[in-house]
Amino acid sequence: AQKITQTQPGMFVQEKEAVTLDCTYDTSDPSYGLFWYKQPSSGEMIFLIYQGSYDQQNATEGRYSLNFQKARKSANLVISASQLGDSAMYFCAMRENTGTASKLTFGTGTRLQVTL
Amino acid sequence: NAGVTQTPKFRVLKTGQSMTLLCAQDMNHEYMYWYRQDPGMGLRLIHYSVGEGTTAKGEVPDGYNVSRLKKQNFLLGLESAAPSQTSVYFCASSKRPGRSTDTQYFGPGTRLTVL
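In the order they appear, the protein sequences are chains A and B.
To convert, count from 1 in the first sequence and add 60; that's the numbering used here.
Just so you know, the numbering used here puts 4 at position 10 of the second sequence, and the rest follows in order with no gaps.
Errors might be hidden in some of the hints.
Just the calculated beta-carbon pair ranges, DEER-fashion [claimed, not checked]:
{"hint": "1", "chain 1": "A", "residue 1": "116", "chain 2": "B", "residue 2": "6", "range": "49 to 55 Å"}
{"hint": "2", "chain 1": "A", "residue 1": "69", "chain 2": "B", "residue 2": "9", "range": "29 to 35 Å"}
{"hint": "3", "chain 1": "A", "residue 1": "141", "chain 2": "B", "residue 2": "9", "range": "44 to 50 Å"}
{"hint": "4", "chain 1": "A", "residue 1": "104", "chain 2": "B", "residue 2": "67", "range": "15 to 21 Å"}
{"hint": "5", "chain 1": "B", "residue 1": "14", "chain 2": "A", "residue 2": "72", "range": "38 to 44 Å"}
{"hint": "6", "chain 1": "A", "residue 1": "127", "chain 2": "B", "residue 2": "67", "range": "37 to 43 Å"}
{"hint": "7", "chain 1": "B", "residue 1": "67", "chain 2": "A", "residue 2": "133", "range": "33 to 39 Å"}
{"hint": "8", "chain 1": "A", "residue 1": "175", "chain 2": "B", "residue 2": "67", "range": "38 to 44 Å"}
Simulated from the structure, these hints should not be mistaken for laboratory data.
Note that CB positions come from ideal geometry on N, CA and C, so glycine has one too.
Isolated chain A, as found in the complex (with noise of 0.2 Å):
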């Protein structure tokens, strides 16, 4: 069974609009994160986000903000007031506490399209 879920293979978005990615995982382990990563056509991976299972208010990073639902198990990112630099691979992807390492396991990745 997919750990991370991302059904959106590609959106598209107006300029200035905001946008939603979504994002679906399943644990069973209590104590897990959630993260957001960017990957513009340059190819490296970019840190945006992250979501603690455990953290009360969902995470904003400037006009990056998580729409944390934990009884859904949805992690979904909104980008507000998108720009063309936005146009990108957007990651969702999950630690979970396993042994003595915290492994990330990542989704297959939304391709965001930013038009004016």
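Could you slot chain B onto chain A? The hints should help.
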């Protein structure tokens, strides 16, 4: 501050050749990781290290070996390259798990083609 660096950035190998990818980090992180990224599959963990002198297998370890002789370096080796190992390889490091945020920081990637 360089963060995580990877050498080389690109490489083309013939089937059966060997090579080593080097990852270096200057953030004094304890943990280091090697991932591969294939189209439509996201990133998958190959091997990881929880400290100098230790390594462990990830999700897709077959065909790869690793070594962590120094805290700041993590080497990924391919002893006999196969076309199925054509991929983009990412190295990452993190400070230490157990903190509320154990963010992994990634290098720029190495694009490897095996003919």
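Open item on the list: To test your reading of the hints: which numbers does this structure violate?
Closed with: Hint check: nothing fails, all pass.
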